[in-house]
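Put together the whole structure using the sequences plus the hints.
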Amino acid sequence: MPSDYPIGPYFFDGQVNATPYSAMLETWLIPQLRDRGLVDDVWLQHDGAPAHFALSVRDVLNEHFPGRWIGRGSPTLPAPMPWPPPSPDLTTPDNSLWGIIKGRAAARRYNNLRRAVEDAFRTITPKMLQLMSQRTLRRIRLCVQHQGAHTDSLDM
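When you line the sequence shown up against the working numbering, it's residues 1 to 156, in that order.
Heads up, a few of these hints could be off.
What the hints assert, rightly or not - Per label pair, the in silico range of CB-to-CB distance:
| # | residue 1 | residue 2 | range |
| --- | --- | --- | --- |
| 1 | Ala107 | Gln145 | 27 to 37 Å |
| 2 | Ile140 | Gly8 | 16 to 26 Å |
| 3 | Ala23 | Glu118 | 17 to 27 Å |
| 4 | Asp13 | Arg72 | 24 to 34 Å |
| 5 | Leu55 | Ile100 | 29 to 39 Å |
| 6 | Ala107 | Thr27 | 25 to 35 Å |
| 7 | Asn111 | Asp40 | 38 to 48 Å |
| 8 | Asn111 | Gly148 | 36 to 46 Å |
| 9 | Arg109 | Gly67 | 42 to 52 Å |
| 10 | Tyr5 | Ala106 | 19 to 29 Å |
| 11 | Gln147 | Leu113 | 38 to 48 Å |
No lab work stands behind these hints: they were computed from the structure. What you are looking at is a predicted structure, and each value in this text was computed from that prediction instead of being measured. Even glycine gets a Cβ: it sits at the ideal position worked out from N, Cα and C.
Pasting the structure below:
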């Protein structure tokens with residue numbers, strides 16, 4: 001996640017499988033990164049969800065993020081950075097951002113959940129993103145130090 005602004009949110013309509021996930025990467029995320037001059041510098045991190053692991057998705061990742069994506073199925077063996085299976089809490093969205101968004105969206109009355117999430121997302125500041133990134137780095141270090149253990153109970 002770029003540390004000076006969030007990119008998103010993105011909403012999927014219906015079930016997420018390889019087809020809509022690949023489309024989101026190619027028609028939304030990669031253009032967002034390209035417009036900001038980041039596509040050649042960013043590492044894409046994702047978990048082992050079936051949509052993330054599909055061959056068509058890995059082809060997109062290998063084309064646009066060669067050697068710079070974290071997850072299952074990398075053509076580089078070992079993977080550029082393998083995903084620690086028991087540690088989904090190592091992403092900034094999972095360990096910080098979604099909790100803030102949920103809290104802010106739920107704290108007010110709304111008729112449209114999508115609008116509430118978009119409004120909450122716009123309140124995220126560069127300083128907040130910097131603190132979230134620092135927390136993620138701390139959790140990664142804890143995970144390595146404790147041989148891949150969940151970091152929720154370690155990060156107090």
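- [ ] List, from low to high, the hint numbers that the structure doesn't satisfy.
- [x] Per hint list: zero violations.
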